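2 protein chains.
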Amino acid sequence: MQIAILLYDRFTALDAIGPYETLGLLPGAEVVFVAERTGLHRSDKGSLGLVVDAALSDVTAPDVLVVPGGPGQTALMEDGPVHEWIRAVDAGTTWTTSVCTGSLVLAAAGLLKGRRATCHWLALDQMPALGVEPSGERVVFDGKYVTAAGVSSGVDMGLALAGRIAGDFVAQTIQLGIEYDPQPPYDAGAPEKAPAEVVAALRDHGRSILAGKRWRDEAVTER
Amino acid sequence: MQIAILLYDRFTALDAIGPYETLGLLPGAEVVFVAERTGLHRSDKGSLGLVVDAALSDVTAPDVLVVPGGPGQTALMEDGPVHEWIRAVDAGTTWTTSVCTGSLVLAAAGLLKGRRATCHWLALDQMPALGVEPSGERVVFDGKYVTAAGVSSGVDMGLALAGRIAGDFVAQTIQLGIEYDPQPPYDAGAPEKAPAEVVAALRDHGRSILAGKRWRDEAVTER
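For the protein sequence lines, the chains are A and B, in the order given.
Under numbering that gives the first Met the number 0, the first sequence is numbered contiguously, ending at residue 222.
Under numbering that gives the first Met the number 0, the second sequence is numbered contiguously, ending at residue 222.
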């Protein structure tokens, strides 16, 4: 079972690593990182460099496609080689998936028309213009399309999909293997739960904050 | 504020990326991946390659040290350049931290003697021989030493430490930024919670399973 994770410059690392660390533990899984060009790709914050081993033409029939999100997603919204590749491999996938703003790329490639899907909460409002019905759920299954909410939700998506692919025993073994017994120190992980000033900070300066830049009382140069 | 994440061959990716994606969003954070040699390092499953930009000698005064775990930890238990570096930079850190079996490396370097610390649940029994009092808690603070349980716990550790460093507002903003509102599909993330056969599978074949190899009805060649 080949699992292809699409990368591009300025991806968000955890978007890619959540599915990698869950789906990659499925029996028989072979994970391949794929991009328009092979070699070094820098994440959104620049300090992490991941090496891509396969070009688009090297990966023609993955069983599972994963498209992570990140600031670099905005450069992937026009039709071109990446969209053509996504459409071509999607024709043969068992599951086509995304994390965070990766769903906007799937939608722009035309795969999510008329479907329910999710995205990072700050980008959900971009979905209707792409013909997608936005959902606030953390993981959304619509046929073979599985979309997850922001960044960390790829772990939940990976486990839910692992259960569909290989059954509860395997998925629970993966969960215990990565000791996923989450105990966040705050209950602030969704806009309905976080303090209003926290939601407002991200609405106003999300791009800057998520790029690892300063905020609040410091200079915020980007919105 | 410099955050140094120590890498080595056969690290577990999520161990490193959890703290990266949380502490890396602190105001003024500068993350650097550091290793005995710069360049490509492969994770435990081999399919992920991360590029290390800094050699040990390039990083002399990090404010925060993060040591992730993974199968490659076993090669870092003897004294040598990595232990010398860990001891040298620890003398100046504000926080010295680990995820998963990274705490065994900190312990082997002599930093956790007489302290409470945690580790991946499958490796907790290795701690007493290193002079450490093992704790089953997910995140353990003992002085400036912060250790986290297996793999995914680095996200919780990163958020808890972000709160100590920069206060609740910033930590909650990071949590909402990465939309960390965990909803695992099973309650199987700790050995006390998972079905007995799941715990047994990992006790018997953990090394093979966590390396992304097959298990159960398939050939298990490694224990």
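To be clear, the hints were calculated from the coordinates, so they are not data collected in a lab.
Some hints here could point you the wrong way.
Within a straight-line C-alpha distance of at most 25 Å, the following computed SDA-like cross-link-like pairs (lysine to any residue) qualify [unchecked claim]:
no.: 1; chain 1: B; residue 1: Lys-192; chain 2: A; residue 2: Lys-112
no.: 2; chain 1: B; residue 1: Lys-192; chain 2: A; residue 2: Arg-163
no.: 3; chain 1: A; residue 1: Lys-143; chain 2: B; residue 2: Gly-38
no.: 4; chain 1: A; residue 1: Lys-192; chain 2: A; residue 2: Ile-164
no.: 5; chain 1: B; residue 1: Lys-143; chain 2: A; residue 2: Pro-184
no.: 6; chain 1: B; residue 1: Lys-192; chain 2: A; residue 2: Pro-190
no.: 7; chain 1: A; residue 1: Lys-192; chain 2: A; residue 2: Leu-123
no.: 8; chain 1: A; residue 1: Lys-192; chain 2: B; residue 2: Asp-186
no.: 9; chain 1: A; residue 1: Lys-143; chain 2: A; residue 2: Thr-93
no.: 10; chain 1: B; residue 1: Lys-143; chain 2: A; residue 2: Thr-93
no.: 11; chain 1: A; residue 1: Lys-192; chain 2: B; residue 2: Arg-163
no.: 12; chain 1: B; residue 1: Lys-112; chain 2: B; residue 2: Pro-181
no.: 13; chain 1: A; residue 1: Lys-112; chain 2: A; residue 2: Leu-123
no.: 14; chain 1: A; residue 1: Lys-192; chain 2: B; residue 2: Lys-143
no.: 15; chain 1: B; residue 1: Lys-143; chain 2: A; residue 2: Tyr-185
no.: 16; chain 1: A; residue 1: Lys-143; chain 2: B; residue 2: Pro-184
no.: 17; chain 1: B; residue 1: Lys-192; chain 2: B; residue 2: Gly-113
no.: 18; chain 1: B; residue 1: Lys-192; chain 2: A; residue 2: Phe-168
no.: 19; chain 1: A; residue 1: Lys-112; chain 2: A; residue 2: Leu-55
no.: 20; chain 1: A; residue 1: Lys-192; chain 2: B; residue 2: Gly-91
no.: 21; chain 1: A; residue 1: Lys-192; chain 2: B; residue 2: Leu-55
no.: 22; chain 1: B; residue 1: Lys-143; chain 2: B; residue 2: Gly-91
no.: 23; chain 1: A; residue 1: Lys-143; chain 2: B; residue 2: Lys-192
no.: 24; chain 1: A; residue 1: Lys-143; chain 2: A; residue 2: Pro-183
no.: 25; chain 1: A; residue 1: Lys-192; chain 2: B; residue 2: Thr-59
no.: 26; chain 1: B; residue 1: Lys-112; chain 2: B; residue 2: Lys-192
no.: 27; chain 1: A; residue 1: Lys-143; chain 2: A; residue 2: Glu-191
no.: 28; chain 1: B; residue 1: Lys-192; chain 2: A; residue 2: Pro-183
no.: 29; chain 1: B; residue 1: Lys-192; chain 2: A; residue 2: Asp-186
no.: 30; chain 1: B; residue 1: Lys-192; chain 2: A; residue 2: Leu-123
no.: 31; chain 1: B; residue 1: Lys-143; chain 2: B; residue 2: Gly-113
no.: 32; chain 1: A; residue 1: Lys-143; chain 2: B; residue 2: Asp-62
no.: 33; chain 1: B; residue 1: Lys-143; chain 2: A; residue 2: Pro-183
no.: 34; chain 1: B; residue 1: Lys-192; chain 2: A; residue 2: Asp-167
no.: 35; chain 1: B; residue 1: Lys-192; chain 2: A; residue 2: Val-169
no.: 36; chain 1: B; residue 1: Lys-143; chain 2: A; residue 2: Val-169
no.: 37; chain 1: A; residue 1: Lys-192; chain 2: B; residue 2: Lys-112
no.: 38; chain 1: B; residue 1: Lys-143; chain 2: B; residue 2: Val-169
no.: 39; chain 1: A; residue 1: Lys-143; chain 2: B; residue 2: Lys-143
no.: 40; chain 1: A; residue 1: Lys-192; chain 2: B; residue 2: Pro-181
These numbers were taken from a predicted model, which means no experiment stands behind them.
Verify the proposed pairing of B:Lys-112 with B:Lys-192, using a straight-line Cα cut of 25 Å.
Answer violated: B:Lys-112 to B:Lys-192 is near 30 Å, above 25 Å.
Given the hint that A:Lys-192 pairs with A:Ile-164, does the C-alpha gap stay at or below 25 Å?
32 Å, violated
Going straight from one Cα to the other, do B:Lys-192 and A:Lys-112 come out at no more than 25 Å?
It is violated: about 40 Å lies between the C-alpha atoms, which goes past 25 Å.
Please work out if B:Lys-143 and B:Val-169 have their alpha carbons no farther apart than 25 Å.
Cα-Cα ~20 Å, so holds.
Please work out if A:Lys-192 and B:Asp-186 have their alpha carbons no farther apart than 25 Å.
22 Å, holds
B:Lys-192 and A:Asp-167: Cα distance at most 25 Å?
14 Å, holds
Within 25 Å, alpha carbon to alpha carbon, are B:Lys-192 and A:Pro-190?
29 Å, violated
For the pair we were handed, B:Lys-143 and A:Tyr-185, check the Cα-Cα distance against 25 Å.
Cα-Cα ~21 Å, so holds.
Check whether the Cα positions of B:Lys-143 and A:Pro-184 lie no farther apart than 25 Å.
18 Å, holds
Hinted pair, alpha-carbon criterion (25 Å max): A:Lys-192, B:Arg-163. Please report holds or violated.
Cα-Cα ~21 Å, so holds.
Would the hint linking A:Lys-192 and B:Leu-55 be met if the CA-CA limit is 25 Å?
42 Å, violated
If you draw a straight line from the CA of A:Lys-143 to the CA of B:Asp-62, is it 25 Å or shorter?
Answer violated: A:Lys-143 to B:Asp-62 is near 45 Å, above 25 Å.
Consistency with the previously given hints fails for numbers 1, 3, 4, 6, 10, 12, 14, 17, 20, 21, 23, 24, 25, 26, 27, 30, 32, 36, 37 and 39, ordered from lowest to highest.
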